[in-house]
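Peer 1: Construct the entire structure; sequences and hints are all you get.
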Amino acid sequence: MSKNHKTKLDIISKIDEDIIDEVTDSRIALSKRIKRAGLGRKQFIIIGTCAASFLLICSILLAVIIPIIKQIPVYRGMSVSGSVTSEQAANEAYEVLSAGQYDAIKKKDDTTAKPTAAPNAPIDKYFDVEVIEGIAYYTKPNQDIYISVHIDNPKQYEILSFTLNGVKYQSYMFEPGSTSEELILKLNVGAVEGVVEYTIDAIKYVDGTEIKDVRMKGDKTVKIGVQTQKQPNATLSNLSVGDNSVSFDASVSDELKLIEKTEGKLYAAIATAAGTEIIEKKQINIDGTSSVKFEGLSKGHAYQLMIVAYYDSLDGKGFRSHTLYDQNISTNGYLEITSVTPVIGENLVTFDLTTDASKNVKVKKIELYTADGTLQKSIGTDERIFEWLYGGTYKIVVSYTFDLGDGKGEREGSAISSYFDILFSISTVVERGESGKGYSKTTQVYHSATADYRTHLGVDILARGDDTVYCPVNGTVTDIFDKGWNGGKTVVITVSGSNVEYHFASLMAVSVKVGQKLSGGEKIGKASDLQLQCSENAPMVHIEAYVDGVQVNPITLKP
Amino acid sequence: MRECISKIIFKVIIMSETRNTDKNQPVPDDTIINMYWERNETAIKETDKKYGKYLYTISYNVLHDRLDCEECINDTYLTTWNRIPPTRPNMFQRFLSKITRDISVDKYRKTHTLRRIPSELVVSLDELDDCISCMIPESEADTVEKIGVVLNTYLHSITERDRFIFVCRYYYSDSVAYISKMTGVSDKTVYRELTRIRNGLREALLREGIEI
Numbered sequence: 001m002s003k004n005h006k007t008k009l010d011i012i013s014k015i016d017e018d019i020i021d022e023v024t025d026s027r028i029a030l031s032k033r034i035k036r037a038g039l040g041r042k043q044f045i046i047i048g049t050c051a052a053s054f055l056l057i058c059s060i061l062l063a064v065i066i067p068i069i070k071q072i073p074v075y076r077g078m079s080v081s082g083s084v085t086s087e088q089a090a091n092e093a094y095e096v097l098s099a100g101q102y103d104a105i106k107k108k109d110d111t112t113a114k115p116t117a118a119p120n121a122p123i124d125k126y127f128d129v130e131v132i133e134g135i136a137y138y139t140k141p142n143q144d145i146y147i148s149v150h151i152d153n154p155k156q157y158e159i160l161s162f163t164l165n166g167v168k169y170q171s172y173m174f175e176p177g178s179t180s181e182e183l184i185l186k187l188n189v190g191a192v193e194g195v196v197e198y199t200i201d202a203i204k205y206v207d208g209t210e211i212k213d214v215r216m217k218g219d220k221t222v223k224i225g226v227q228t229q230k231q232p233n234a235t236l237s238n239l240s241v242g243d244n245s246v247s248f249d250a251s252v253s254d255e256l257k258l259i260e261k262t263e264g265k266l267y268a269a270i271a272t273a274a275g276t277e278i279i280e281k282k283q284i285n286i287d288g289t290s291s292v293k294f295e296g297l298s299k300g301h302a303y304q305l306m307i308v309a310y311y312d313s314l315d316g317k318g319f320r321s322h323t324l325y326d327q328n329i330s331t332n333g334y335l336e337i338t339s340v341t342p343v344i345g346e347n348l349v350t351f352d353l354t355t356d357a358s359k360n361v362k363v364k365k366i367e368l369y370t371a372d373g374t375l376q377k378s379i380g381t382d383e384r385i386f387e388w389l390y391g392g393t394y395k396i397v398v399s400y401t402f403d404l405g406d407g408k409g410e411r412e413g414s415a416i417s418s419y420f421d422i423l424f425s426i427s428t429v430v431e432r433g434e435s436g437k438g439y440s441k442t443t444q445v446y447h448s449a450t451a452d453y454r455t456h457l458g459v460d461i462l463a464r465g466d467d468t469v470y471c472p473v474n475g476t477v478t479d480i481f482d483k484g485w486n487g488g489k490t491v492v493i494t495v496s497g498s499n500v501e502y503h504f505a506s507l508m509a510v511s512v513k514v515g516q517k518l519s520g521g522e523k524i525g526k527a528s529d530l531q532l533q534c535s536e537n538a539p540m541v542h543i544e545a546y547v548d549g550v551q552v553n554p555i556t557l558k559p
Numbered sequence: 001m002r003e004c005i006s007k008i009i010f011k012v013i014i015m016s017e018t019r020n021t022d023k024n025q026p027v028p029d030d031t032i033i034n035m036y037w038e039r040n041e042t043a044i045k046e047t048d049k050k051y052g053k054y055l056y057t058i059s060y061n062v063l064h065d066r067l068d069c070e071e072c073i074n075d076t077y078l079t080t081w082n083r084i085p086p087t088r089p090n091m092f093q094r095f096l097s098k099i100t101r102d103i104s105v106d107k108y109r110k111t112h113t114l115r116r117i118p119s120e121l122v123v124s125l126d127e128l129d130d131c132i133s134c135m136i137p138e139s140e141a142d143t144v145e146k147i148g149v150v151l152n153t154y155l156h157s158i159t160e161r162d163r164f165i166f167v168c169r170y171y172y173s174d175s176v177a178y179i180s181k182m183t184g185v186s187d188k189t190v191y192r193e194l195t196r197i198r199n200g201l202r203e204a205l206l207r208e209g210i211e212i
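Residue numbers (the working numbering), protein chains in the order written: chain A, 1 to 559; chain L, 1 to 212.
Each hint should be verified, as a subset may be incorrect.
In silico DSBU-like cross-links for lysine-lysine, where the CA-CA straight-line distance does not exceed 35 Å [claimed, not checked]:
#1 Lys110(L) <-> Lys32(A)
#2 Lys35(A) <-> Lys50(L)
#3 Lys441(A) <-> Lys146(L)
#4 Lys282(A) <-> Lys45(L)
#5 Lys365(A) <-> Lys408(A)
#6 Lys6(A) <-> Lys107(L)
#7 Lys517(A) <-> Lys45(L)
#8 Lys146(L) <-> Lys6(A)
Simulated from the structure, these hints should not be mistaken for laboratory data.
Peer 2: Here's what the structure looks like:
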């Protein structure tokens, strides 16, 4: 301690005792006051914090409890249905038919169209693609749909309006049969095709004299798949085939962005000649062009190039694989299939084989496959004709051996032709059938049944007695319905692996079912003797054909 | 006018807190003093429980060191044990405060080591430079006595509030912030009042012919 400080301390110590006592007492009292104030402040902080926490908890509880107590209406979601009568709506007799329905959304009691399971293609096992169930409702363009808005509304508050896709719908616009817990709105989807979304924005209700908002808890958006012909398509360009590799540019055009909107995937793949076994696959861009190269192939072998897309085509069958493109190729080899010539009306195809004589080529097998890879026929190694074919798309695969003279002995090779179409002949439809009225798009022909002239957009085959009607093509039954104007039933068959659809009308005793796969020559029914329009000569079968939805001549498949 | 009002408020606070004192003591002082008289060692425990923290703050103002403060507090209890009996203090807390303060200052004098952070005692003593000379020769040892007389005369002449501020600051070495809390004014005001009181003391010393 410095001398300075010591001196000062000595001076301070001289302060009288009574002054010290007086100040000490005051100091003690004021110190206690400060302590109490500090405690008070602490208490205030603690109490304040507790009060604030209590208020916060109460607010949260009130936000939850009051709605429960007051039973504020709560939005739970939307659903979509097809046509519904007032009576049905009032009785809640309608229901939504979801994925699997091919045609427009049907009513509950419609038993003609049953949901069909999405078929699994043989190649699916090579693609590890998760099935996306994004689209729950399907319809066709310009179709009326009924959107039901589901609300929990125990107090039966009057719902005033809701906003859907930015458009406000007042209560007077709701369909008869709507209740305070189920609002039904009729809409027409319009001409828009593809994936259409409907998003609900706000629902208003009346509570006394106030207009309030319904609490939104369910999904606010519902997706509807509007059936479309505008499906994705793919093209290959710059194809280059070598001894052991193949390269190409793949372009996919998807006008309605179905692959993207249904969260699909796109692949380029190379498969065996039959197309049922995938050797290698690569995921490619949904937009634009992708360059693809497959290597490590066998020389002189036949393969099938494919562009496969997994998506929901909005046909009601859900998310599945679609082959957008396929092409048969052969790596450079020593045998080539040439002059493939299908003969229209004869149900046969002729071809030729060209070999490299210096390589000691020996043909081992000649086989005919349908487009979906099913073996149809095989012929002798010296034959160059396939006969008695049913309508459909085919390819020829030839297996052979060759010897390069390098001491390594015989080696195997294969060659594949391009696809070709065989059109059916009348004789394959009805055994004793004769030609009736032919296809006439512009010229009007006489109809004895109606005693007038009109166009005839199909082909008639006259039958005898109750002749059996056979399926003339390899395909699948995709529909059966009553075509009232012509009597009897109509069976629709889609040719396997193609976009060709045949309608066999005027049938009775139909023996097939929707979804059934048929090979050429299988029975489908009997010729009906009830003819209301086409001809007074009954029984007969009336056949129409469609390519990509466009009606064509069933014999030539041309418009 | 403002000064008059602040004096009145100060008086009222002191009176009200003094009246409240008895109500807030958990163990009455008389009981504790009786324990000392009965040589009951629980007396020290009760003293520490009741006044330990308060005495610590007095010691810390001077020493600014925890261990030294604890030692001083212990010395305070020992001194109290030795003084009671025969003493029977009327104001027990006051009694303890003065003992603690004196012991702490004595310790400070003895140790006289510089601290990294000077204690409040050092800071407050430095403030007195503008009124009390640091250069008092040893031949004029009674000058300290003279200054002490003038100081007491001066302190008796000023208001109770000014007296309180001066003694808290320079005797108890209370910080300006603590004094401002006790008096209910801002730190700036306390500084200003301390300056005014020191100037008054300097003038008083000059009037008595004490050169600074």
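Peer 1: Each hint: holds or not?
Peer 2: For each hint, the structure was consulted:
1. Distance hint between Lys110(L) and Lys32(A) is fulfilled; the C-alpha atoms sit about 32 Å from each other, no more than 35 Å.
2. Taking the CA atoms of Lys35(A) and Lys50(L), the gap is about 13 Å. The hint holds against a cut of 35 Å.
3. A threshold of 35 Å between alpha carbons decides the hint, and for Lys441(A) with Lys146(L) the separation of about 140 Å lies outside it, so the pair is violated.
4. Restraint check: the Cα-Cα separation between Lys282(A) and Lys45(L) comes to about 87 Å, which exceeds 35 Å; the hinted pair is violated.
5. At roughly 22 Å between alpha-carbon atoms, Lys365(A) and Lys408(A) fall within 35 Å of each other, so this suggested pair holds.
6. A C-alpha spacing of about 12 Å is found between Lys6(A) and Lys107(L), which places the hinted pair at or below 35 Å, so the restraint holds.
7. About 103 Å separates the Cα atoms of Lys517(A) and Lys45(L), which puts this hinted pair outside 35 Å; it is violated.
8. Note on Lys146(L) and Lys6(A): the hinted pairing holds, with a Cα-Cα distance of about 16 Å set against a maximum of 35 Å.
Violated hints, in rising order: 3, 4, 7; the structure is consistent with all others.
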